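Following the hints, put chain L in place on chain V, whose structure we already have.
First to last, the protein sequences are chains V and L.
Going letter by letter, the first sequence gives residues 1 to 204 in this note's numbering.
Going letter by letter, the second sequence gives residues 1 to 311 in this note's numbering.
One or more hints might be untrue.
Label-pair distances were calculated between CB atoms; the ranges are [said to hold, decoys possible]:
id: 1; chain 1: L; residue 1: 34; chain 2: V; residue 2: 15; range: 38 to 44 Å
id: 2; chain 1: L; residue 1: 71; chain 2: V; residue 2: 122; range: 43 to 49 Å
id: 3; chain 1: V; residue 1: 193; chain 2: L; residue 2: 58; range: 45 to 51 Å
Quick look at which bits of chain V chain L covers, simulated, 3 or more residues with Cβ under 8 Å [to be verified]:
id: 4; region: 16 to 30
id: 5; region: 80 to 92
None of these hints come from the bench; they were simulated from the model.
All values reported here derive from a predicted model rather than from experimental measurement.
Each residue gets a CB set at the ideal place from its N, CA and C atoms; glycine is no exception.
So the chains spell out like this:
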Amino acid sequence: MGAAEAVFAGAPALEDQLGLISEALRRVTVQVRSGGRGAGAGVVWLRGGLIITNAHVAARPAAEVVLPDGRMVRARLLARDPRRDLAALRPAASDLEPALRADARGLRPGELVVAVGHPLGVAYAAALGVVHRTPGPAPGPAGWLHADIRLAPGNSGGPLADTAGRVVGINAMIAGGLGIAVPTHVVEGFVQHLGIARPGARAA
Amino acid sequence: MPSSAAGGPLTALSNELAAAVETVGRSVVAVHARRRIPASGVVWQPGIVVAAHHTIQRDDDITVTLHDGTTAAATLAGRDPSTDLAVLRLADGASAAAPPASPVSDVPRVGQLALALGRPGASVTASLGIVSAVGGEWRTWQGGTIDRFVRLDVAVYDGFSGGPLVDAAGRVVGVNTSGLARATALTVPAATVSRVAAQLLSRGHVARGWLGIATQPVRLPAALRRELNIEHDIGLVVVNVEPDSPADRGGVLIGDVLVSLDDRPVSDPADVLAALAGGERIGAAIALGVARAGRAERLTVTVGERPRGRR
Chain V
1 MGAAEAVFAG APALEDQLGL ISEALRRVTV QVRSGGRGAG AGVVWLRGGL IITNAHVAAR
61 PAAEVVLPDG RMVRARLLAR DPRRDLAALR PAASDLEPAL RADARGLRPG ELVVAVGHPL
121 GVAYAAALGV VHRTPGPAPG PAGWLHADIR LAPGNSGGPL ADTAGRVVGI NAMIAGGLGI
181 AVPTHVVEGF VQHLGIARPG ARAA
Chain L
1 MPSSAAGGPL TALSNELAAA VETVGRSVVA VHARRRIPAS GVVWQPGIVV AAHHTIQRDD
61 DITVTLHDGT TAAATLAGRD PSTDLAVLRL ADGASAAAPP ASPVSDVPRV GQLALALGRP
121 GASVTASLGI VSAVGGEWRT WQGGTIDRFV RLDVAVYDGF SGGPLVDAAG RVVGVNTSGL
181 ARATALTVPA ATVSRVAAQL LSRGHVARGW LGIATQPVRL PAALRRELNI EHDIGLVVVN
241 VEPDSPADRG GVLIGDVLVS LDDRPVSDPA DVLAALAGGE RIGAAIALGV ARAGRAERLT
301 VTVGERPRGR R
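This is chain V alone, in the form it adopts within the complex (with noise of 0.2 Å):
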């Protein structure tokens, strides 16, 4: 009907872009699992396929990831710093395209998140919601990035973006209904201790 028609017509837009960026999240989320019940998420963190997750997560040496593409591989743990819940895994491929990020400092509340990752089983699910709280100087999960949005233990480990489809932190706990995720420049504080070469880094 056209009355119907006229009453969504600014709705597929709005629409196509967060299809966009759920799609944009699926290709850098994949699915970690590593001996505990049920899997968590990670998110492809640096070309040459170094994976990020929670430390919760990926408690043991060795985990299984399941790609974007489908692919199980095996993945080693690389580092886990159970203070700011993260894990690194070094997967058995390289062919991996790593997540845009941004810092999310620059957040400001109010501005709409997506989460991608793998709620109560269900793989690639996208959820909508806002920035409720900025990361700030409290220590641990007091200061990380707080969204008022629906998780669900699956989405550990997996991306929270901003509407550009950046990832601005690891989600990494749900705390009186609200999503807490470690912040970016947290997560970029984890990955130079491990003293990995960034691509195009150049030997001194």
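Okay, now just chain L, sitting in the frame of chain V:
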């Protein structure tokens, strides 16, 4: 990410929402008047903060944190439990750093995007949802009159009460509270907030009419209805009369069955509250139609003001 998405409509909406939070957030303060985490408040007019009554757990030693991080002392101007609102006066000199919000009395529409802002600490917080239901005037369980029923589909987080409801254009349309309904967020519309705030500022409380009776519904036998010449079959039996209350002075007795107020039928204790709610009846006479010993009686009572702290 395809660059086409970066500048898309979702980004435009996102920027609009963030701009609304940034603008209105300057008028959102943290209210420290209870243990555990602070609650929120809105600078409603220069030097005046509206908060949720249920979050103000002490009458003294109240401070607020402003958007620029400064702390200001505040005094309680008054509170109205019936609408869950309280009004605070900021100490002199704090007003400059506390720009007032510009509330609008537009009625929210079902389905419209709604941002709930709070400041349960140093930084402003935001939640997004929609206006879930809008109805007409309603009375809270404590007898307060609220111009519109506005229910939100927005997550309620700690410290959310007392914060503003903001539309996507950045306009404040009300004050949110979790204190008026179980497990759901309601918004007290801006018109009600302004009305209650004005009364609290001038009198320190919201005056409500009072008779001093407690009643409960009873079914009226057909014979009594014929005798009284009334159609409704529920009346209100008076089960208590406060000593020296307006009803006592007007001759109301325990056991009287109230059937009308000013010739308007009453069949629910809430009807009595409604007839007296606004406070404008205080000092005026009201006619009580009662059945006493099977006969119709008409009693004239001068409406009093409900004593403070009583429902």
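Hints, verified against the model:
Between residue 34 (chain L) and residue 15 (chain V), the C-beta spacing of about 43 Å keeps the proposed range 38 to 44 Å intact. A hinted range of 43 to 49 Å for the beta carbons of residue 71 (chain L) and residue 122 (chain V) is consistent with their spacing of about 46 Å. As the Cβ distance of residue 193 (chain V) to residue 58 (chain L) is approximately 47 Å, the hint placing it in 45 to 51 Å holds. Counting residues of the region 16 to 30 of chain V whose C-beta lies closer than 8 Å to any C-beta of chain L gives 6; at least three are required, and the coverage claim holds.
Requiring three or more residues with a Cβ within less than 8 Å of a Cβ of chain L, the coverage given for the region 80 to 92 of chain V is violated, as only 0 such residues are present.
Of the numbered hints given earlier, the model fails hint 5 alone.
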